[in-house]
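Undergrad: The chain contents come next:
Number of protein chains: 2
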Amino acid sequence: MEEVVQKLQEDVRELSLGTSTRVERLDGPPSPLRFLRDYVSPNKPCIISNAIQHWPALTNWTHNDDYLSQKLSRSIVSVHLTPDGQADALVPSPTTTSTTTTTSLSSLCFASAHTQLMPFPEALRLISSGSSDPFVAYAQEQNDCFRSEYSSLSSDVETHIPWATEALGCHPEAVNLWIGNHLSTTSFHKDHYENLYAVITGEKHFLLLPPTDVHRLYIHNYPAARYSLSQDTRELTLQLEEPRRHVPWCSVNPYPPAAIKDQEVSKFPLYFNGPRPFECTVKAGEILYLPSMWFHHVKQSPDSRGRTIAINYCMDSTSPVSHT
Amino acid sequence: MEEVVQKLQEDVRELSLGTSTRVERLDGPPSPLRFLRDYVSPNKPCIISNAIQHWPALTNWTHNDDYLSQKLSRSIVSVHLTPDGQADALVPSPTTTSTTTTTSLSSLCFASAHTQLMPFPEALRLISSGSSDPFVAYAQEQNDCFRSEYSSLSSDVETHIPWATEALGCHPEAVNLWIGNHLSTTSFHKDHYENLYAVITGEKHFLLLPPTDVHRLYIHNYPAARYSLSQDTRELTLQLEEPRRHVPWCSVNPYPPAAIKDQEVSKFPLYFNGPRPFECTVKAGEILYLPSMWFHHVKQSPDSRGRTIAINYCMDSTSPVSHT
Numbered sequence: 001m002e003e004v005v006q007k008l009q010e011d012v013r014e015l016s017l018g019t020s021t022r023v024e025r026l027d028g029p030p031s032p033l034r035f036l037r038d039y040v041s042p043n044k045p046c047i048i049s050n051a052i053q054h055w056p057a058l059t060n061w062t063h064n065d066d067y068l069s070q071k072l073s074r075s076i077v078s079v080h081l082t083p084d085g086q087a088d089a090l091v092p093s094p095t096t097t098s099t100t101t102t103t104s105l106s107s108l109c110f111a112s113a114h115t116q117l118m119p120f121p122e123a124l125r126l127i128s129s130g131s132s133d134p135f136v137a138y139a140q141e142q143n144d145c146f147r148s149e150y151s152s153l154s155s156d157v158e159t160h161i162p163w164a165t166e167a168l169g170c171h172p173e174a175v176n177l178w179i180g181n182h183l184s185t186t187s188f189h190k191d192h193y194e195n196l197y198a199v200i201t202g203e204k205h206f207l208l209l210p211p212t213d214v215h216r217l218y219i220h221n222y223p224a225a226r227y228s229l230s231q232d233t234r235e236l237t238l239q240l241e242e243p244r245r246h247v248p249w250c251s252v253n254p255y256p257p258a259a260i261k262d263q264e265v266s267k268f269p270l271y272f273n274g275p276r277p278f279e280c281t282v283k284a285g286e287i288l289y290l291p292s293m294w295f296h297h298v299k300q301s302p303d304s305r306g307r308t309i310a311i312n313y314c315m316d317s318t319s320p321v322s323h324t
Numbered sequence: 001m002e003e004v005v006q007k008l009q010e011d012v013r014e015l016s017l018g019t020s021t022r023v024e025r026l027d028g029p030p031s032p033l034r035f036l037r038d039y040v041s042p043n044k045p046c047i048i049s050n051a052i053q054h055w056p057a058l059t060n061w062t063h064n065d066d067y068l069s070q071k072l073s074r075s076i077v078s079v080h081l082t083p084d085g086q087a088d089a090l091v092p093s094p095t096t097t098s099t100t101t102t103t104s105l106s107s108l109c110f111a112s113a114h115t116q117l118m119p120f121p122e123a124l125r126l127i128s129s130g131s132s133d134p135f136v137a138y139a140q141e142q143n144d145c146f147r148s149e150y151s152s153l154s155s156d157v158e159t160h161i162p163w164a165t166e167a168l169g170c171h172p173e174a175v176n177l178w179i180g181n182h183l184s185t186t187s188f189h190k191d192h193y194e195n196l197y198a199v200i201t202g203e204k205h206f207l208l209l210p211p212t213d214v215h216r217l218y219i220h221n222y223p224a225a226r227y228s229l230s231q232d233t234r235e236l237t238l239q240l241e242e243p244r245r246h247v248p249w250c251s252v253n254p255y256p257p258a259a260i261k262d263q264e265v266s267k268f269p270l271y272f273n274g275p276r277p278f279e280c281t282v283k284a285g286e287i288l289y290l291p292s293m294w295f296h297h298v299k300q301s302p303d304s305r306g307r308t309i310a311i312n313y314c315m316d317s318t319s320p321v322s323h324t
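Which chain is which? The protein sequence lines are Y and H, in order.
Heads up, the first sequence is in full-length UniProt numbering, so the first residue is 1 and it goes up one at a time.
Heads up, the second sequence is in full-length UniProt numbering, so the first residue is 1 and it goes up one at a time.
Treat the hints loosely; a few may be bogus.
What the hints assert, rightly or not - With a straight-line Cα cutoff of 27 Å, these simulated DSS-like cross-link-like pairs (lysine-lysine) come out: (1) Y:190 x H:7; (2) Y:7 x H:190; (3) H:190 x H:283.
These are computed hints drawn from the structure, not numbers from a lab.
Next comes chain Y alone, as it looks inside the complex (with noise of 0.2 Å):
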């Protein structure tokens, strides 16, 4: 079975993909036929640069320190709290003594962040600070935010990318505003939707693999659990859901801490020892094309401010609207 799976992530770069882990960078918006043909039906990514220069978002949100504070002066927004920055990842179990410095899978649990609310303008100064707070704070709700909290930004971006809409026949089903600093990382996952991210300030770096490449992120089932904010303490601690229930994650840390890589290499030797995941910075201004089922890992680099701001469309090409 093992064979059959790497013959078919091997036949997919050949065929496919090629075997450069470079992503395809277009100079401008494609036509909405090239980027259905050429990008879509073969389920490959692409970064679209001068996509979005049009949009007041690139210079009402980076140039002016107050723009984004005013707009959304009364604005409660959610914002979620880890200590390291890194939401939905994985991280020693609570009820494992951590005396060890090996873990072993089994001690692991799928860590949630605490979300919490708070007015905008709070929200931001935790973000940007770099303060002394015992916590990191990434403004990320993937529930069609930017339409709902963020409503007041919605004349600075387009309600939707033209060209991919016309070519996938949908509008998006959510777009998500992302506000997050250096620190701010996205484990390795998947979604089911066709995704556009449009980087406002600051970059973000993206590790992509394709679906067939599945077997190499080691999914497990781990615990979940939630860390929760003590109001008096300002800490965060981490708990296991009760009741208990499980969630299918990926098991690889792309970026390994130099003490246990070599540990981690021979734990997922077909992610470490394979072929190199895709490999990309997506700059202010660019658009990626991330693939429905492409697993991605998602960190930053913040601008002058501290600040790496994108908003994502989420297209679902199963529920076209009508045309004609």
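Following the hints, put chain H in place on chain Y, whose structure we already have.
TA: Here is chain H on its own, set in the frame of chain Y:
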């Protein structure tokens, strides 16, 4: 396992194909984008009317009895000869005595036609004549024959279908001509390429089943056999190939003779008791888009000269030409 496949088949109909078994008919050629987005990407057949009315073939090949024979007067072409018009079909195995009317699966073989080279004018007479010969002739070589054996007809049709070429990003890998009569049928099978099937004269009747209905066709291995023509008696005899080889083929004949209909229904309940196949008639001047991997069964009605003529374009969208 069977339940899983059954569920998949239902999901595909519910989410993608719809519950009607009607094939959508377009009034004219679609834009490349629409064709790719609404039919190729979702792997959905359609018929395009008024698609080839500018082809000289529509008049040249039908209004003038001598045109084809004059154009191809010196061409030697391949003609498939079978006793009953069914090539690449399951028939009682020649090693089995066929004194019983019930034929068990294991007593069938996969019979290929006898291929006879002959001058085109003779081939056309054989096909059209309803002659007293004890065989049915069908000019149908799927080896790009239109661009080789029949190349003197090339100016009568287009070398490719422009909107399909642009949508798929590739030129045809093969262009084939089919000249048959009312007896010519093709049993259920699938091809691994995108297929555009243009009817010039007569009508083609298709039964279509999506790839996810594979279990309903009871694909089994059958010993390969081939007809050969005695030059003396002009009779066809069927012989098993030596060395023996086996061909996986669909067991279902969708039009069983009335006398054995009940038997066939009880042998292949998933076909006969499941959702009806998509059914369509492609008329002269129309193109059927037959997506790759769809199972299809074909029979035909002739024009007033006793002929059905069609030309099909095989496209492999995984081998795109370079484009900008």
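Undergrad: Please go over all the hints and tell whether each is borne out by the structure.
TA: To see whether the hints hold, each was checked on the structure:
Between residue 190 (chain Y) and residue 7 (chain H) the alpha-carbon distance is near 24 Å, which keeps this suggested pair within the 27 Å criterion. With a C-alpha separation of about 24 Å, the suggested pairing of residue 7 (chain Y) with residue 190 (chain H) holds against the 27 Å cut-off. Of the supplied pair hints, the one linking residue 190 (chain H) and residue 283 (chain H) holds, its CA atoms being roughly 22 Å apart against a limit of 27 Å.
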